[in-house]
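Build the full structure now, drawing on both the sequences and the hints.
Number of protein chains: 4
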Amino acid sequence: MTAMVTPHLFIPGPTNVPDAVRMAMNLPMEDMRSPEFPKFTLPIFEDLKKAFKMKDGRVFIFPSSGTGAWESAIENTLAVGDKVLMSRFGQFSLLWVDMAERLGLNVVLCDEEWGTGVPLEKYADILAKDTAHEIKAVFATHNETATGVSSDIAGVRKALDAAKHPAMLFVDSVSGVGSLDMRMGEWGVDCCVSGSQKGFMLPTGLGILAVSQKALDANKSLNGRMNRCFFSWEDMIKTNDQGFFPYTPATQLIRGLRTSLDLLFAEGIDNVFARHTRLASGVRAAVDAWGLKLCAKEPKWHSDTVSAILVPEGIDSANVVKTAYYRYNTSLGVGLNKVAGKVFRIGHLGALDEYMIGGVLFSVEMALKDCGVPVKLGSGTGAAAEYFVNNPVKPADKKA
Amino acid sequence: MTAMVTPHLFIPGPTNVPDAVRMAMNLPMEDMRSPEFPKFTLPIFEDLKKAFKMKDGRVFIFPSSGTGAWESAIENTLAVGDKVLMSRFGQFSLLWVDMAERLGLNVVLCDEEWGTGVPLEKYADILAKDTAHEIKAVFATHNETATGVSSDIAGVRKALDAAKHPAMLFVDSVSGVGSLDMRMGEWGVDCCVSGSQKGFMLPTGLGILAVSQKALDANKSLNGRMNRCFFSWEDMIKTNDQGFFPYTPATQLIRGLRTSLDLLFAEGIDNVFARHTRLASGVRAAVDAWGLKLCAKEPKWHSDTVSAILVPEGIDSANVVKTAYYRYNTSLGVGLNKVAGKVFRIGHLGALDEYMIGGVLFSVEMALKDCGVPVKLGSGTGAAAEYFVNNPVKPADKKA
Amino acid sequence: MTAMVTPHLFIPGPTNVPDAVRMAMNLPMEDMRSPEFPKFTLPIFEDLKKAFKMKDGRVFIFPSSGTGAWESAIENTLAVGDKVLMSRFGQFSLLWVDMAERLGLNVVLCDEEWGTGVPLEKYADILAKDTAHEIKAVFATHNETATGVSSDIAGVRKALDAAKHPAMLFVDSVSGVGSLDMRMGEWGVDCCVSGSQKGFMLPTGLGILAVSQKALDANKSLNGRMNRCFFSWEDMIKTNDQGFFPYTPATQLIRGLRTSLDLLFAEGIDNVFARHTRLASGVRAAVDAWGLKLCAKEPKWHSDTVSAILVPEGIDSANVVKTAYYRYNTSLGVGLNKVAGKVFRIGHLGALDEYMIGGVLFSVEMALKDCGVPVKLGSGTGAAAEYFVNNPVKPADKKA
Amino acid sequence: MTAMVTPHLFIPGPTNVPDAVRMAMNLPMEDMRSPEFPKFTLPIFEDLKKAFKMKDGRVFIFPSSGTGAWESAIENTLAVGDKVLMSRFGQFSLLWVDMAERLGLNVVLCDEEWGTGVPLEKYADILAKDTAHEIKAVFATHNETATGVSSDIAGVRKALDAAKHPAMLFVDSVSGVGSLDMRMGEWGVDCCVSGSQKGFMLPTGLGILAVSQKALDANKSLNGRMNRCFFSWEDMIKTNDQGFFPYTPATQLIRGLRTSLDLLFAEGIDNVFARHTRLASGVRAAVDAWGLKLCAKEPKWHSDTVSAILVPEGIDSANVVKTAYYRYNTSLGVGLNKVAGKVFRIGHLGALDEYMIGGVLFSVEMALKDCGVPVKLGSGTGAAAEYFVNNPVKPADKKA
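Which chain is which? The protein sequence lines are A, B, C and D, in order.
Residue 1 is where the first sequence starts when you use our numbering, and the numbers rise one by one after that.
Residue 1001 is where the second sequence starts when you use our numbering, and the numbers rise one by one after that.
Residue 2001 is where the third sequence starts when you use our numbering, and the numbers rise one by one after that.
Residue 3001 is where the fourth sequence starts when you use our numbering, and the numbers rise one by one after that.
Simulated restraints, written as ranges between beta carbons of each label pair:
1. 106(A) - 3313(D): 51 to 61 angstroms
2. 1262(B) - 3039(D): 12 to 22 angstroms
3. 3374(D) - 38(A): 27 to 37 angstroms
4. 1039(B) - 36(A): 36 to 46 angstroms
5. 3125(D) - 2372(C): 48 to 58 angstroms
6. 3398(D) - 2393(C): 33 to 43 angstroms
7. 3316(D) - 2392(C): 13 to 23 angstroms
8. 38(A) - 1372(B): 48 to 58 angstroms
9. 2340(C) - 3316(D): 49 to 59 angstroms
10. 299(A) - 3039(D): 40 to 50 angstroms
11. 3039(D) - 2288(C): 51 to 61 angstroms
12. 2166(C) - 1161(B): 49 to 59 angstroms
13. 3102(D) - 395(A): 56 to 66 angstroms
Computed cross-link-like contacts, DSBU-like style, restricted to lysine-lysine with a CA-CA straight-line distance of at most 30 angstroms:
14. 3399(D) - 1039(B)
15. 1342(B) - 394(A)
16. 1238(B) - 2342(C)
17. 238(A) - 2399(C)
18. 3342(D) - 2398(C)
19. 1394(B) - 293(A)
20. 3338(D) - 238(A)
21. 2238(C) - 2220(C)
22. 3342(D) - 2399(C)
Read the hints as simulated data drawn from the structure, not as lab findings.
Just so it is clear, the structure is predicted and the values come from calculations on it, not from any experiment.
Where is the CB? At the ideal position from N, CA and C, for every residue including glycine.
Written out as structure tokens, the structure is:
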């Protein structure tokens, strides 16, 4: 820490840690076997369920990352060789497919254009044809962080229901939950994967996995399960019910999580989602004003947590990111894999407000100009300001 | 601390605390009489002298605020009834005059229009006429925080020299030192008053007073001194030379000061000043683009640490400040006293960069619009961006 | 901060900052003129009154130290030349007398043996004889930090009442309030001086001055007051009533103070006092077991916040302190002035419990042994443990 | 955080976080793909190797716990059905065996009495007889945290060498590395498992796994490997070499790790080991003085990081732990599994000094007494003090 000003963080995770959370994590260690510990942990498990809008089931907190929670979902419910339906349209859905294959699943894959999302019609078609119900689970990436694409999870549920298909529904909502509406109960999601460092506004270090009763039942009845121990649910269930953990939990982060949840509930989680839509709309107004395009092909794919922005031919988006970083002290997301060099990303999730959107658009505008993209300076910030001014949500003279 | 995002701070002090400083102050208490303590304090005293560009003399650190350091300067060098030359052109120079009078000084006052600064010609004139050298000290406000006016301290020195006048030169540089160039040695400043919460980027709580050898001599030879104890120099000198203090020092802030000084020296203090000029230029470009005027009447008075901006007739500047605060989570400075309702202020000193200037201009633009000021959204941010892009200072692909 | 373990702090202030307070102070700066600020400050002023058990009057918070609050009390209620009754029996009562004289008061002084406290009979005598009521204020040091002596403030009130004397009663309770019972209302204290770094468990930086209505009236009616500005009450009163301050307040510490008060009230301040008595009793049991004597001559003078312990002839107490510091990482208080070399001090105030008393006695025992004092190792810790075990206050199987 | 004093932590992990580390972790999030990030991470990888005293190989940092690092070691080097040699003599060696079996290994098990350690002669015997080299790996628990037993890793190496056996050597040193000497290079250890929350003095959240070149080769040549992805080495190697990670790393903890390593190296890691031996000796002197026995059967098994202490017949050790916690604000380790109710544990690893040992012995002594164990108060603290005074290591008048 030797910088006068810490770089401004607009990657799509880790997100900015609210000061209240930072303060809550600035604490000495504690005994995770103390008789007082469950008084702290048990309410957390309950409150997490509200964040996922679950009907039944439970939430696991692993000292890991979202990737670990992915692995836990698979290892605890599926057997090697099981058939699953997946789609790939960005770096993170790609990695999820890669994991499924490495863990021995038999992936029925829909390979989609990057910039689109979960192909509902194809899914419906495949599920309808799978009358033998060989497909054990359907995977859907709620928010593809690499391309800024959100998918319609309710639509996947409809496809399953239309086909009367009993497969489980697995959702990667690492960059969704806490920022985008996730209705596990209503949408019949069985495993929903998240992590601490996005909508929960914490440092990386918790894999958060919400599972339905159906998934818990699958776990119980499973034969030929994959080898696992660290990520096993049984050990967690046995101890979590008493407020403890099978091995040392990441108490510092869980203390922070307590405050994060408090902040989310204080604002109201539906208000939090609305704020994300509002701020994302400001960013998209700026992109339009710059004459640029999003990587997301259609408005229905627009993500409210991250915008992947295409640079014009002949420009290397990596230079835009580098210029923003070194010259304007602003961290943007780079383009990954297929869209490397072609897109840069603005993460707009977590603890954010209009000022911060103004700040990042200001930095981006200058970096684009410096890199030879012919944007009019002030056009993006102006368009975003226009959007915010015309859509006021807070009183001007007292606390909202 | 229950806000998701802490309000963005653009008052002209307290300024934003750099993360490194915040981290350094997050510490347990220590024994201020331990034999190791002087190894920490003695270098601080030396390093502070670099920040003031002093030739001789010393720097006192009081657990107080800038106001306390003002009082210390007067009480230790002047007697009740002493004649002093002062000027008043804003709330803080006004309060300084008020203090001088309450402490019993005989003030020769130049009452100037708010928006101007120290009247060099009048000073020269008065000093030339004071052939009996009745004036014991000349006071100059380096940076009038209420109106965003900087004054020419070298010019005051010239006036003194031209008149061959032996009066001491007292400078209020609370919102100057560490952000604006202060050359105590070269300019022959005898008492320079500052505080922790401006250019030193710390919480409020330290009154920092730099004094020349001439001021120290005045202290020694003084008869009929004012009553004082807490702010007396003698007690400080006796103990400071051993690295200690006459009463419990504010060690937490002094630990923070250590890191602040490290940050200032790492950037290079002349680079810090240049950064302030650059960022202030961006703000002024925005003010021009909005079609508004600064309170500072002429460019020579423009302050690089704070801009006081006049709102059009019929608009209440307090509403702009309130709207920015409640709707856009941005703290601006209000208009004080004579300029209440007429100006709002953007503090742009301390740990700041282009992004932050973009952010505050974005918030201000929206707040102005909301309050009925006919600004074109994007005009201010665009003009500032234009300035920054056309005047690059950092490489785009590596650390500066 | 490069030590593996931070030195254990047992000086009589600054005291250990509770983790909750440390966390509360780890925050960004805020606008002390924001419309939300009074919602934070006004309850603090009220809650401070509870800590002082006041009936009427108000509490001032200066960005200074206890020394500054001393000065404020004098400057706002007394005139140069006023006669005051004081007593001197340790370094801090000595410094208070020194200040009174330097500020121009006419001190009627009782010079007492170090190790005793306020001489109630002498005070009664002097007051009874002062039928002309020339004495304007009576000063009493509640807790002399240098010698570990507490005085009977209720007794001073009785002496005043017996003489039907209208003088104001000034109490230095810097190392008392928040740790020792202070009943300003019941005892008719007019100015009670404290600081942030003792019973309030904060870093140094706040001078806290509680004043009665009588003192406020004295302030209003005063002619020929001392010159002052920083420490003046009038400016504070004008702004405090709206929740603001006349100059920038030390918001970081006041945020910490909020949490300190919450902790004190959560434990119950009378429980806090009882805890101090209990822990001090453990320390005194150890001193007895070591065969050493306290500087305080009689049990009635025993301070529950600090013990000054006499070393045997031929031993230099400074060596004990140095050995404890360098070899056992434990900060003790040195002997000051007349008792330099003769006593070392254990501060036992603020956020402390039995374990910590055990720890410091352990370190002291070893340091004494190393320095040639013939203590039996385990005798002091054993005696303290005996006291605690025989006087249990908390259940062994659930939260108190 | 509402306690006046945070409970004193003497469980065998998480350990006390040094203030410097706590300060270093009090930071905003950063971009783990920034071009500056490798400048921070690459030296960490190198410095970790010094902590393990490795010759070749590398260290992996997983966002997990030690349990995860166990799993990673197995999954990346062994195949389902592989034969391994293990021993079980406490809760953590028991869990390791459990994991090995659940992951599909064929465990040749030495079931030892709790209170003993790795059975060198049996190991030698089994290895000598395994002329077909069916055993692929030999597992040894360096420090069994549940019983306070250290084992002789160099001895295991000797047994392997004597048998000219090519099996890999896996060591669980979760509560060893950083506190007990670990010479991976000299002792030919192939996988050494640790975590952040013990000798590295950090919060839980990092699984730290050091592997030799031989282990890396085993990984490369392995067929029929276990399914894994999160804990796979290949992904780590690919990205670590550039200073990056295959998924979001726990940057906050890694920043803390930087400071932890700095502290360890500043003290000198061999000095750190000596300090652990010294402090453990003080604890053992106290146990003797109390007339109690350690769970560790013989001095050769004594652990320098944790002491498991047997309570007399008729006493429930859980009551001792509860009393220490609720009445004396001190967290001890409970007895686990076979020794539940029979032992309580004092963790004495990490950032500790004599004062803290004195404090915990003081609390324990009182809790024992309260629970009916006939200890003489002061006997334990006295014996420990005796040990420390008779074995001085630091000068009494200057920094060591």
